[in-house]
Structure formats: C-alpha cells, structure tokens
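Colleague: Heads up: the sequence lines are chains A and B, in that order. Each residue of the first sequence is one higher than the one before, starting from 1 at the first, in full-length UniProt numbering. Each residue of the second sequence is one higher than the one before, starting from 1 at the first, in full-length UniProt numbering.
Keep in mind that the hints were calculated from the coordinates and are not lab data. Remember, it's a predicted structure, so these values are computed and weren't measured experimentally. Careful, some of the hints might be misleading.
Said to hold, decoys possible - Beyond 10 Å from chain A on every Cβ pair, some chain B residues (computed): (1) 33; (2) 62; (3) 67; (4) 117; (5) 124; (6) 130; (7) 147; (8) 152; (9) 190; (10) 211; (11) 276; (12) 279; (13) 283.
Stated by the list, open to error - Distance windows between CB atoms, simulated: (14) 107/A to 62/B: 28 to 36 Å; (15) 262/B to 107/A: 53 to 61 Å; (16) 58/B to 63/A: 51 to 59 Å.
The beta-carbon is built from N, C-alpha and C at its ideal position, and this holds for glycine as well.
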Amino acid sequence: MLQVKDLSISYGAIQAVRHVDFEVKKGEIVTLIGANGAGKSTILKTISGIVKPQSGSIEYQNESLIGKKAPQIVAAGISQVPEGRHVFPAMTVMENLQLGSYLQKNRDQIDQRLQEIFEMFPILKERQHQDAATLSGGEQQMLVMARAMMANPELLLLDEPSMGLAPIYIQKVFDIIQKINAQGTTILLIEQNAHQALSIADRGYVIASGEIQLSGSGQTLLNDPKVKRAYLGESA
Amino acid sequence: MQIFMQQLINGLSLGSIYALLALGYTMIYGIVKIIHFAHGDVYMLGAFFGYYTINVWHFNFIMALFSSMIFCALVGMLIEFVAYRPLRHSSRIAVLITAIGVSYFLENGMSVLFSGDTRDFPQVIKQVNYEWFGIRVTNVQLLIFVTTIILMIVLQLIVKKTKMGRAMRAAAADPVAAELMGININGTISFVFAIGSAMAGAAGVLIGLYYNSIEPTMGLTPGIKAFVAAVVGGVGSIPGAAVGAVIIGCLESLMQAIGFSAFKDAAVYVVLIIVLLFLPAGLFGNKQPEKV
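Produce the complete structure using the sequences and hints provided.
Modeller: In structure tokens, the structure reads:
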C-alpha cells in the first residue's frame, strides 16, 4: 500500500532522515519506534506533504506522493493525526469534526460517518457543542483521532498519540487504534511508548539517528535484546 | 446633551467606516499575522473606482458599491499574491516593510497616473436632513450605518456558518493542522484578502458620499485609525474590531465637540498607547494562554 524507498530528509544542513526504507501493507498496523529526535515525525510529515524530502521515493498505491501538496494527499486517502493534538481552539467539537470531512462532498455520507464516529467516541457526542480547547488532554486526543477519521482515510498516520496522556487514556488510545484497524483502516503508528506500540503492531521498525536499525514483527522486536538499546537512542 | 448626542451620531457614522476597514485588518492579521498597512490605500482605490463608475458609467449607489467591492477584492488578492505570498516564510519585519512599500506604491502610483488633486465625489444620493429633538441625521449617515451593519452580518454569517468560514478560522488557528484536513491554505488566504478588501472598497464609496471629496492619500489616516481600532478591540477578533472602531469614531467626534479638533488624532493615539500599556490583548483579544 505504502512503499518508502531510500528516503532522505534534511532541515538545512542537518540531515534528519537517511536512506530509510519501509513499507506498510493493506490492513496492517505498522509502527516506527525510536527516541526523541530520531526522525520519526519528520518521516510522517513528509508522507503528508508538509515537509519536502531531499531524495528517495514514497509510493502510495503505486503512485508517487513526492511533490504532491498536503490537500492532495488527504484526498488520496491518507490522513494524519499530528503530534501534540492540534485541536482547533475557539471552535466546537462539532466544527472540528466537520473540518475533518472538509474534502468530502456527499452530505449523507458525512452524516453517516459522523454517527459512526459518535458511536466509537461517545464522549465527543456528549461534548459536541463545547469549545475544543476546553477538553482534557485525553479527550482532545480522541477528538483529533475522530477528526482524522472523518476524512474516511484508507491509511491513518498517528504521531505519538499517547504522548502526555494519563495512563487510563493511553490504554484507551491503543484500544481505539486496534478498533479502527479492525474496521479496515491501515495504520502507521509512531510512538516513543515502544512496548505498547509493538504489542499491538503487526510489524515494527526501530529508528535511531535517522536510520532504520532493526525491523521485524511486533512480537520479535518486543523480545529482541537490541530493541531497548536502540530505543534509548544509543547507536547500535 | 444635545451636542453630545449629535456628536455621538456623527461618531457612529465615522466609526462605521473605520469598522469596515478594521475588519479587514483584523481578519488578515488573524490568518497571516501581517499588519496590512496598505489596507487604507485599498480603501482609497475603492473610493476612486466608485468615482469612476458613477461619473463615467453612470452607476447608481448600489451598483457603484458592489462594483467597488469586487474591484477591491481583486486588488486585495493581487497584493497578497504579488507582495506577501513570496514572503510567507520571511521575517515579520520584511513583511512589514513590504506592506509600507505597497502603501507608498499605491498612493504615489495614483498621484502619478491621475494627479494628486482633491476631487469632488459625485453625489449619487441627494442629501436629505432629518431632525429629531434637535439632533440632525442625514440620509447618507443612515445609509453608512445600515450598509455597515448589513455587511458585518454577512461577514459574520460567512465566518461562522459556511465551510469556507470554518476553513478560515481553522487556518488562522493552526495552519499546519488545517492543511492536514485538506484545506488549501493559499486559497483560503486569498479569500480572506478578497473579503477584507471588499469591505474596504465599500468603506471607500461610503466615505466619498459622506465627505464629498477624495484624493490619493486619503487612505493614510483612516487606515491608521482603523488599525488602532483593531488593536483596541483585540487584533484577530471580529466583534472587537467593530466595537473598537465605534469607540475611536465617537472619541474623535467628541473631541471636536469640546473644541479640541486639532487634537482629535492625538486622542486616538493616546488611546492606542493606553490600551497597549494596560490591555495589550485589546478588549476582546485572546487572553487565555495556549494549552499545550
């Protein structure tokens, strides 16, 4: 579904990502784990068209995403839940969700989607008229995930969805990711919470200083003694 | 008391004009964080275009108003495209200097092309005076007031109820997240410039009718006053801009009424300084700290 080959990305003189290869197959949960600054978020931003790569290729359903703008990539079926939540403040929960379906044209489909979303996130239905900025951190995370799902994506990119959340919400977030996946959406998940991420993932890649150090199934990586070392950011 | 009420009426008319201008300032600042100092000159262009369509094409008031709004919307989009878009990721000071440059360019360009003379604005609407309890109101004042209110309601509906309005607010609040929703940021910014400039165009035609005279540098002072109004109301807040503008308009009129005509501009700037010192976010500004 998504093939990333030999991807390098730099911010000015700093090379954030070097020659990275990975792929996501339809229906999978794939996770990229690694310490802060390893280049994980940069990879997601590049897939979404917010950051331009230096070299390499990104193919989605056999079509290159390089040079496409963010709205075109959303239209192609890839939605991203950005790091740090980014709800739209001073707008209601409902308006935030409506913005999620910005590119959708069919009103009936949008309404139907909204009902499905409310079923999956009952708290949002309760709070639909509330200013999104007044929600708790965990509720905001639910909102941005629901907002991304409003676009009806085939591939959902999640950037550190559990960051800064209370433990009860961390579990909830991972449950919802599995639920979304079970309903047919493919997931690319970025996490520092390696243990949780690997235990729900089909496959995982360990990234340190912009390079892929290890890859394998979620279970294999969980049991790999090198994982913790790479996860702590020491060069292998 | 009568004089006071009379000046309040005059202040409201003037304040309405400032409000139309201040809305543009505040909306444009809200989405691109640019202080669009050429906004007053867009208003001047609106007045001149109205002058032209009325004199040459014999447009009536409504047609002149709409054609000026459309003309200024196009001018606004062009300014954004030519002057501001290439500087989207530049330092703020570069953008600010550019804005002042655009302002000078428009003022002097108009002076060179059409001379800097003051000219009489054609009176498409015959002035009628009404008197209630010794307070005089002209039909032009009522027209200004009504037009401003209608335009503000339309603007509010666009911003609050339409998909484009939602996109505008989203792009203003968080451009990156808005892009991830599939919102075309450049298109949205163009749209904001179009709407803000159309408001300025309307203000230009209205001021032509009210003061009867127009000239290429007429946008300078009202532009700055409207900017002050936007700051007083809280930059980025649409109701704030309207309230700030009425305050500034009334303050000016009252200064004139008590015999300090020469100091009316100074009074406006004193208000600016006081607001910046004691209420930097303005009356309706966003005071709450951002939640991370």
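Colleague: Confirm or reject each hint.
Modeller: Status of the hints after comparison with the structure:
no.	hint	in the structure
1	33	holds, 16 Å
2	62	holds, 34 Å
3	67	holds, 32 Å
4	117	holds, 47 Å
5	124	holds, 41 Å
6	130	holds, 41 Å
7	147	holds, 28 Å
8	152	holds, 19 Å
9	190	holds, 15 Å
10	211	holds, 37 Å
11	276	holds, 23 Å
12	279	holds, 19 Å
13	283	holds, 16 Å
14	107/A to 62/B: 28 to 36 Å	holds, 34 Å
15	262/B to 107/A: 53 to 61 Å	holds, 60 Å
16	58/B to 63/A: 51 to 59 Å	holds, 56 Å
In this structure, every one of the numbered hints holds.
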